[in-house]
Amino acid sequence: MRTLANAPHPFKGTEIHTLPGGLTVVLKKDSTVPVVALQAWARCGAVDEAPRVHGISHGLEHMVFKGTKRRNAGEITRDIESKGGAINAATQLETTHYYIDIPSYGLDPALDVLADALTHPTFPEDELQRERKVILEEIHRRDDSPEATLWDEFAAALFEGTPYGTKVIGSVETVSNLSQKDLSDYFTAHYVPENLAVVITGDFDRAKTLKKIEKLFADLPRHAPPPKPVVTLSKKKPGFKRIPKPVELTYFAAGHPTPGLGHPDSVGLDLLADVLSGGASARLYQNLREDRQLVLSIACDYIPFSQCGIFALFGECFPDKADAALAAVIEEFTGMRKNPIRQAELDRARARIKSEWLQGSETPHGRASTLGSLHALGQIDVIETYLKRIDEITPAELTDLAFRHVDPSKFEVTMIVPEKKSK
Amino acid sequence: MISKALVPIRKKFSNGLTVLFLHTPTDPVSACHLFLPAGAGHESDRLSGVGTLSWALITKGTGRVDARHYAEEVESIGASVSAGATHDYSEISCHAIDDYFPRAMELMGEALFQPSFLEEEVAKERTALVAAISSKKESIFTVANEELNRRLYGRHPYGRPAPGNEKTVAGLRRAHIVNWHRSVVAPESAVLAMATSMPASQMLPVIESIFGPKAWKRSKATGLIRMTKTAIAVKPQKAVLTERFEQAYLLVGYPAPAVATKDYMALKVLNSVLGGGMSARLFQQLREQQGLAYDVGSFYASKQYGSAFVAYMGLQKDKLPRAKEGILAAFNDVVTKPVPKDELEQTKAYLKGTYILDHQTNSQRAHYIGWWEALGLGYAYDGKYVAGMNTVTSAHVQAAAKRVMGKPPVIIEVHPGKKP
Chain A
1 MRTLANAPHP FKGTEIHTLP GGLTVVLKKD STVPVVALQA WARCGAVDEA
51 PRVHGISHGL EHMVFKGTKR RNAGEITRDI ESKGGAINAA TQLETTHYYI
101 DIPSYGLDPA LDVLADALTH PTFPEDELQR ERKVILEEIH RRDDSPEATL
151 WDEFAAALFE GTPYGTKVIG SVETVSNLSQ KDLSDYFTAH YVPENLAVVI
201 TGDFDRAKTL KKIEKLFADL PRHAPPPKPV VTLSKKKPGF KRIPKPVELT
251 YFAAGHPTPG LGHPDSVGLD LLADVLSGGA SARLYQNLRE DRQLVLSIAC
301 DYIPFSQCGI FALFGECFPD KADAALAAVI EEFTGMRKNP IRQAELDRAR
351 ARIKSEWLQG SETPHGRAST LGSLHALGQI DVIETYLKRI DEITPAELTD
401 LAFRHVDPSK FEVTMIVPEK KSK
Chain B
424 MISKALVPIR KKFSNGLTVL FLHTPTDPVS ACHLFLPAGA GHESDRLSGV
474 GTLSWALITK GTGRVDARHY AEEVESIGAS VSAGATHDYS EISCHAIDDY
524 FPRAMELMGE ALFQPSFLEE EVAKERTALV AAISSKKESI FTVANEELNR
574 RLYGRHPYGR PAPGNEKTVA GLRRAHIVNW HRSVVAPESA VLAMATSMPA
624 SQMLPVIESI FGPKAWKRSK ATGLIRMTKT AIAVKPQKAV LTERFEQAYL
674 LVGYPAPAVA TKDYMALKVL NSVLGGGMSA RLFQQLREQQ GLAYDVGSFY
724 ASKQYGSAFV AYMGLQKDKL PRAKEGILAA FNDVVTKPVP KDELEQTKAY
774 LKGTYILDHQ TNSQRAHYIG WWEALGLGYA YDGKYVAGMN TVTSAHVQAA
824 AKRVMGKPPV IIEVHPGKKP
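In order, the protein sequences belong to chains A and B. Counting in our numbering, the first sequence runs from 1 upward without gaps. Counting in our numbering, the second sequence runs from 424 upward without gaps.
Simulated from the structure, these hints should not be mistaken for laboratory data. Take these hints with a grain of salt, some might be off.
Calculated pairs, EDC-like style, for lysine to aspartate or glutamate (alpha carbon to alpha carbon, straight line, at most 16 angstroms) [said to hold, decoys possible]: (1) B:K742 with A:D400; (2) B:K590 with B:D468; (3) A:K354 with B:D741; (4) B:K740 with A:E392; (5) B:K560 with A:D143; (6) A:K241 with A:E147; (7) B:K560 with A:E147; (8) A:K245 with B:E666; (9) B:K775 with A:D79; (10) B:K559 with A:E248; (11) A:K354 with B:D718; (12) B:K559 with A:E147; (13) A:K133 with B:D741; (14) B:K547 with A:E138; (15) B:K841 with A:E419; (16) A:K133 with B:D718; (17) A:K245 with B:E669; (18) B:K547 with A:D291; (19) B:K560 with A:E248; (20) B:K560 with A:E419; (21) B:K771 with A:D79.
Some, not all, of what chain A presents toward chain B, calculated at C-beta under 10 angstroms [what the hints assert, rightly or not]: (22) S82; (23) R130; (24) L249; (25) A282; (26) S297; (27) D301; (28) C317; (29) A349; (30) A351; (31) I353; (32) E356.
Examples of chain B residues toward chain A, derived with CB under 7 angstroms [stated by the list, open to error]: (33) G501; (34) L664; (35) R667; (36) G714; (37) D781; (38) Q783.
Only a predicted model underlies this, so the values are computations on that prediction, with no experimental measurement involved. From the three backbone atoms N, C-alpha and C, an ideal C-beta is built for every residue, glycine too.
Using the sequences plus the hints, can you model the full thing?
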């Protein structure tokens, strides 16, 4: 067992245990509210899928709730909700996680349900037939969202030909063809102790809970997980895509791949994104929305994955202002030499980040999500150094980092535009 | 839910402002929520949206500093100040880590009492609000729900969207904003609720200095449209809209009573029985057993002058007949048969748990105690909510279901396709 002894509040003293079978358990006790967050993080997601079964990580996330050797589909959710808890799950490119938020008196049954679902799922054929229809509905629903379509199309263009370009939800075709055997094979390969972490934060008895986890998860198959796909980004020319949809406004994304989590500059890239658009006083908001009135909203994001990341801008504007807005975004970067990042901008970003750090971890759910996601991406120790690093970076360093890592001439651009006005 | 250890101090200023101070010693994030008893429902039809626009503007410059400098001051301490309006009330709030909380409250007070409402800022935010209203057409749920509200509430203010419509907002001018602000910013019946780890001895004088009697220009809100209870029965109707979506959407709704009326608790329980979680009947029967939809559930909002009990589903058009049949059968079941005891108990446990989960942050705690107090039920209702839920019986649920669902509903269908 090791602890995050140098982590700031509220993560200080977080315990990381590796059980004899290889399962990781992350515990952070805090009894200030009578609530506990229980999460299981699997180090697998859309990047781990073969093209024939795209969407299987997400499909499996649905199907683990559809029956075990001891419970049928309805019983899994009922056993949690009847104790006052909420249960759900989410799939991303590199991770899949399952979460239960429950008053502390419900932790024991919650642990039992989660362990049962993750160690003994049966993937009943009739349930698969029904759940496939539900997922197909989810795909149609996603297609109606301009923001979701923008992200899917942007990521696909940015990471074309690599696993990072995979649509997490899959396609109508691949989801329609997922079989019980596909699910079972994928589960057996990826849901092994080395790939899993159980995270618990909030109000619980540490020793008793740890013992219980060891017992409940003992049946996980013990073999090495498949190797992670190695991602090599192609040196393709950046593209520009306008996608007509029945929308009123134009939605755009512009950005390119960057180093990922674990790179020495990843904290700096996070800080840079906040300096540029973290609040109403940030330069992109002020210059593009307030002064030039080219956009209705603008957000700059650094999205880190384990092998690479994305530095991108996402905006909403009136359709007739889209080209000017994009040009203005590019000017903001090219003009940074003349208008470097100032100390006051950096100080405000630091204050925002520190405040958001505390607000984001105000609930056991927030704390468990931070611990679980960083562990799954192999970077849990970042918690000990993140805020320190935020305080160390100088304006000159940050400006320099922007020039080293962000090149607007290489921006991939995707726009969702109103159907009638598409060019 | 307020635990026994967390009971707010309640103070009433001589001008009518009620202050609730909740001491939460271990939470490093503090929150303050001010409720004013004037919302979008108190606007005239012609000026619909004036509240939403006014509140968007209070952080866009004050008598002392312009919008940019105001934002810089707020963000330099990692704080946030925001404001908005529902139909029933307006809510202005701030959050900050403890060290900066008194300063965040000063900045919130400055935005509330001294907004500059400069013409150029009014024009900018009006454009942004019109765009936001226009982009609501991209959400199939919003399209369906606004149609349902029009049909359920008719000319009652609940029948129109709280942010107004494109036409009314486009017609709003600075004078409308100034008048609205002058009319509604009044302490009588207002409630300021705070949850913080800072001691009362330190924070109550801060509240007094910022929100005390001297801060307010007038004591009572004036010139507001008086809201009345919504109709409890409407003509059964079905509306079919054709919009450019991939999916279809279905809403089945009934007029329902307001918050804290006789059937309120029973209907909250019923809402959980039918559509409150993944083990609820609509989710189990229509999604899990038939695979008809991804999005399915029900809602019964806590509103002051009347509400609606609504089931919703997003699905493929060819599944609409089965979905409608399934929803109506689920409604008929609760009208004709009592909810079995074990299901009722499980539902109550679910509601109790979700209520606890919904009170984990200081912002949530301040919001809830302030809201119950602003409704006139008193902050202590927050603690009584779960206890009240526990007294609900199957007979009461069935009786409430009969009163609400014993008549034909209003049905809204959104079909995918080209607009006619």
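Hint by hint, here is what the structure shows:
no.: 1; hint: B:K742 with A:D400; verdict: 57 angstroms, violated
no.: 2; hint: B:K590 with B:D468; verdict: 11 angstroms, holds
no.: 3; hint: A:K354 with B:D741; verdict: 50 angstroms, violated
no.: 4; hint: B:K740 with A:E392; verdict: 57 angstroms, violated
no.: 5; hint: B:K560 with A:D143; verdict: 15 angstroms, holds
no.: 6; hint: A:K241 with A:E147; verdict: 15 angstroms, holds
no.: 7; hint: B:K560 with A:E147; verdict: 14 angstroms, holds
no.: 8; hint: A:K245 with B:E666; verdict: 12 angstroms, holds
no.: 9; hint: B:K775 with A:D79; verdict: 15 angstroms, holds
no.: 10; hint: B:K559 with A:E248; verdict: 9 angstroms, holds
no.: 11; hint: A:K354 with B:D718; verdict: 36 angstroms, violated
no.: 12; hint: B:K559 with A:E147; verdict: 13 angstroms, holds
no.: 13; hint: A:K133 with B:D741; verdict: 13 angstroms, holds
no.: 14; hint: B:K547 with A:E138; verdict: 36 angstroms, violated
no.: 15; hint: B:K841 with A:E419; verdict: 12 angstroms, holds
no.: 16; hint: A:K133 with B:D718; verdict: 12 angstroms, holds
no.: 17; hint: A:K245 with B:E669; verdict: 11 angstroms, holds
no.: 18; hint: B:K547 with A:D291; verdict: 10 angstroms, holds
no.: 19; hint: B:K560 with A:E248; verdict: 8 angstroms, holds
no.: 20; hint: B:K560 with A:E419; verdict: 14 angstroms, holds
no.: 21; hint: B:K771 with A:D79; verdict: 14 angstroms, holds
no.: 22; hint: S82; verdict: 4 angstroms, holds
no.: 23; hint: R130; verdict: 4 angstroms, holds
no.: 24; hint: L249; verdict: 5 angstroms, holds
no.: 25; hint: A282; verdict: 8 angstroms, holds
no.: 26; hint: S297; verdict: 9 angstroms, holds
no.: 27; hint: D301; verdict: 18 angstroms, violated
no.: 28; hint: C317; verdict: 9 angstroms, holds
no.: 29; hint: A349; verdict: 8 angstroms, holds
no.: 30; hint: A351; verdict: 4 angstroms, holds
no.: 31; hint: I353; verdict: 8 angstroms, holds
no.: 32; hint: E356; verdict: 8 angstroms, holds
no.: 33; hint: G501; verdict: 3 angstroms, holds
no.: 34; hint: L664; verdict: 14 angstroms, violated
no.: 35; hint: R667; verdict: 3 angstroms, holds
no.: 36; hint: G714; verdict: 3 angstroms, holds
no.: 37; hint: D781; verdict: 10 angstroms, violated
no.: 38; hint: Q783; verdict: 4 angstroms, holds
When the structure is compared with the earlier hints, violations turn up for hints 1, 3, 4, 11, 14, 27, 34, 37 and for no others.
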